[in-house]
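Undergrad: Residue numbers (this note's numbering), protein chains in the order written: chain A, 4 to 315; chain L, 158 to 489; chain S, 6 to 294.
Honestly, the hints are just simulated from the structure, not real lab data. A couple of the hints might just be wrong.
Where chain L lies over chain A, by a calculated footprint (3+ residues, C-beta under 8 angstroms) [claimed, not checked]: (1) 43-57; (2) 212-219; (3) 222-234.
We put the CB at the ideal spot given by N, CA and C, even for glycine.
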Amino acid sequence: MSVNGHENLIEVRNLKKSFRLGRKSLLVAVDDVSLSIKKGETYALVGESGSGKTTLGRLMLGIYPADSGEVLVGGSNVCVSGKKERLEFTRKAQMIFQDSYASMNPRMNVGDIVAEGIDIHGIHCGQERTGRINELLGLVGMGGEFKVRFPHELSGGQRQRVGIARALAVEPEFIVCDEPISSLDVSVQAQIINLLIDLQKKKGLTYLFISHDITMARHVSDSMGVMYMGRILETGVSSDVCRRPLHPYTRALLSAAMLSGTETGFEAQAGKGRGAGCRFAGRCGCAKAECLLTAPELREIEKGHYAACHIL
Amino acid sequence: MERLLEVRNLKVTYHTRAGDVQAVRGADFHLDRGETLAVVGESGCGKTAVAKAVMRLIEKPRGEIEETSMIFFEGRNVLEMDKKEIRKLRGGEIGMIFQDPMTSLNPTMRIGDQIAESLMLHCGMKRKPAFSRACELLKQVRINDWELMAKRYPHEFSGGMRQRAMIAMAAAGGPRIIIADEPTTALDLTIQAEIMGLLRELKKNTGTSMMLITHDLAIAAGSADRVHIMYAGRIVEKAETKELFGNPAHPYTEALLNSAPGPGSESKSRLATMAGSPPDLIGTIRGCAFAKRCGSCMPICLEKNPGMVKLGAGHEAACWKLIGDTAGGEAP
Amino acid sequence: MINITSTTYRQDAWRRLKGNRIAMVSLALLLAIFAMCIIGPFISPYKYTAVNSDIVNQSPSLQHLFGTDDLGRDIFARIWAGGRVSMLIGVLGAFSVTVLGVLYGGISGYFGGTADDIMMRAVEVMNCIPYMIVAILIAFIAGQGIGALILAMTITGWGGMARLVRGQVLQLREQPFVLAAKALGASPGRIISKHLLPNTVGVIIVQFTLDVPIFIFGEAFLSFIGLGIQSPGTSWGAMAAAAQQHLMFYPYQIFFPALLISMTMLAFNLLGDGLRDALDPTLGIQEGI
Chain A
4 MSVNGHENLI EVRNLKKSFR LGRKSLLVAV DDVSLSIKKG ETYALVGESG
54 SGKTTLGRLM LGIYPADSGE VLVGGSNVCV SGKKERLEFT RKAQMIFQDS
104 YASMNPRMNV GDIVAEGIDI HGIHCGQERT GRINELLGLV GMGGEFKVRF
154 PHELSGGQRQ RVGIARALAV EPEFIVCDEP ISSLDVSVQA QIINLLIDLQ
204 KKKGLTYLFI SHDITMARHV SDSMGVMYMG RILETGVSSD VCRRPLHPYT
254 RALLSAAMLS GTETGFEAQA GKGRGAGCRF AGRCGCAKAE CLLTAPELRE
304 IEKGHYAACH IL
Chain L
158 MERLLEVRNL KVTYHTRAGD VQAVRGADFH LDRGETLAVV GESGCGKTAV
208 AKAVMRLIEK PRGEIEETSM IFFEGRNVLE MDKKEIRKLR GGEIGMIFQD
258 PMTSLNPTMR IGDQIAESLM LHCGMKRKPA FSRACELLKQ VRINDWELMA
308 KRYPHEFSGG MRQRAMIAMA AAGGPRIIIA DEPTTALDLT IQAEIMGLLR
358 ELKKNTGTSM MLITHDLAIA AGSADRVHIM YAGRIVEKAE TKELFGNPAH
408 PYTEALLNSA PGPGSESKSR LATMAGSPPD LIGTIRGCAF AKRCGSCMPI
458 CLEKNPGMVK LGAGHEAACW KLIGDTAGGE AP
Chain S
6 MINITSTTYR QDAWRRLKGN RIAMVSLALL LAIFAMCIIG PFISPYKYTA
56 VNSDIVNQSP SLQHLFGTDD LGRDIFARIW AGGRVSMLIG VLGAFSVTVL
106 GVLYGGISGY FGGTADDIMM RAVEVMNCIP YMIVAILIAF IAGQGIGALI
156 LAMTITGWGG MARLVRGQVL QLREQPFVLA AKALGASPGR IISKHLLPNT
206 VGVIIVQFTL DVPIFIFGEA FLSFIGLGIQ SPGTSWGAMA AAAQQHLMFY
256 PYQIFFPALL ISMTMLAFNL LGDGLRDALD PTLGIQEGI
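Extracted from the complex, chain A is given alone in its bound form (with noise of 0.2 angstroms):
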């Protein structure tokens, strides 16, 4: 992935992870998967079920140890750091949960809750808490007299909001928003991606926003990539994406997006075992022989749009 003159924040390399299940099989969550983000840019990670995106957003952030590759931001590797760079780390860069409600301690009231990373890195403390808790509520635009109520009296948005406070308070430069908002309304949704896109362009975030929905990841990113069955099938521009998608998953999931539903055929298995083909072969409509035997890999097949796929 070329950089354009803007520095990149982050730099993911062959990342590889792989979870074993009971005492037999290996899933492979992530396989092989490279990108960029650049600084103050937001990046969608598109994907269904099981296709590793959330993962791919955890090994980003260092709470799984991934078992191959590099995640560097802003220079230095996420996957070697020591515990006190570990620490550190956790300053840079932040996560929005998907499940509000499980993704906050239901004992813990909302004060708390957003001062979480306030507490852990001992930045403030007494007046200067409570200060900087109005602060971030008030950024999230909520009051200050939501600080005492607890997560079960608060509405699916107002959640959502208490969980971009709590990620703000430690003054992160990089965010992954793992499907933040699928669990609300549709109204709902724009508000809490407004508050994000403004958020963005206050503070220069920089977000890996994971959905399934690639309507609203094109509407809220720069770049985007297609994930499935641990593979990024197809990257490039949202808009280039979208318009001229490339790959026969990501024209799959833009006419399932645009209620037409193609149908691909009768369902296939999410594989945990894997043939050596591309792994969407299975339910591909355009399959050759050579699909069946080796897996693709990414090409540039117009500029800066990159594809995986033995048609092109």
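Place chains L and S on chain A using the hints.
TA: Just chains L and S, lined up with the frame of chain A:
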């Protein structure tokens, strides 16, 4: 057009510790043979309550359907049916597909047996023929290896396959209406498309009418003949699908359509949002429920609830700005 | 959004418990028994150790509400004096088991992996040892008495609580809010103390409430077979043991201790059930309307 379902003045109340939640506050709608009606709304608007009410799945002490409500299925009053008739209705004449296939299937019964159960109950089949018919149905919903899968358990199915099994179960009894309550919400996007395609095909082959409950306008647009928009327990707009999306009349419908980014939207531009949040459903709402969030709110909107205004062929909306004078509105 | 005043988890739980009539009756009963254990020996005109050979084995009467035993001692006074011992053993025993179990189970659950495997196997082995054997052993080594009894039953009894806490911790560990805390840089100590334990408290309290009757019964049983409290000290179990010989002639002597044991155990169990419902972490979320 044969009228299968006629619902008038439906009112549903749930009794909770915080008070009586009036989930549905007077809904009128009908369903004719062979058509698909989509009831669209966000969470808390009452659409699930409407679906449950049709099959009288709302029972005391948790909730109740008000006596003045009228629900007629093929001319028979659902609210006055005795236990035997209602059991025959549920599954036999009206089938239901639930949102979460994970929890709606019995984890300890094989899929084939669960479908066969419906067949034995409603079609009076014996076990063996019922089971092979169940396998047939699994084939019709396009599950690979249908004979084999019928002997498997729900946890061995993927989400999309479970939903197909649910569709097979709902269709097994040969119902005249299928109510699908958010059938695709828990599924991946491409699988959603396949399931909706399957439902359309089912309708085409069997002529079953469908009532589609969803919050997703795109789903409604792709499959429904007519769309009803619900807000705060009331139906605020009714129209044929093309008409609704091309010519939305109610401010809420417009706002809903604008909330999602269109294909040509500018990257990272702000989306149109509605201020505020839906009203509290406990207690009476004075005037129009959407008034406080509406860009075109007039003084009368805060006082009286608007009645439905006819706008053309089958297109109605409940909004004061659509009529010239204030006559004809309902008292709250 | 419904505008209720902010309630903490504790207030919410208490409100739910209040609504459970059986639990409240049990609680009232337990408080009554507890109160009587404290003041009973004082309000009775007879000392529980006072021997009087003139009035041996008298049936309940207005003078001796529960009758007298074979040494002429007032059973009413003895019941409450004995109750002190039984309740003490019950509560202290359950408490020590809780502390041990929480520590062990918490560590095992949090760290998981091999450590967890080893620790749990150890617990399972411990569970196989019947507490009677341990009680006998300890009786030989440390003599009999309240301390020895509690020790014996604790050693064999903490496995249940440990497994329970471990299970809860294992489950909570995977929750997004723990992940969020980790992402913010929280240390394991903070995660355990601020995130895991507070959400386990409900389960711990319920188990504690259900452990007390187990200890009360354990003591009663051990005393019944002679391994427990010896004279002049007394407990419900010891009283039942002593009354055993006269069962055919003076059934009231065994009736009262047995009644108290049963009532107390039942009340604790019912209260525990009520607490379990009240402390349920899925706080009344409305079903989709």
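Undergrad: Kindly indicate which numbered hints from before are broken by the structure, ordering the numbers from low to high.
TA: none
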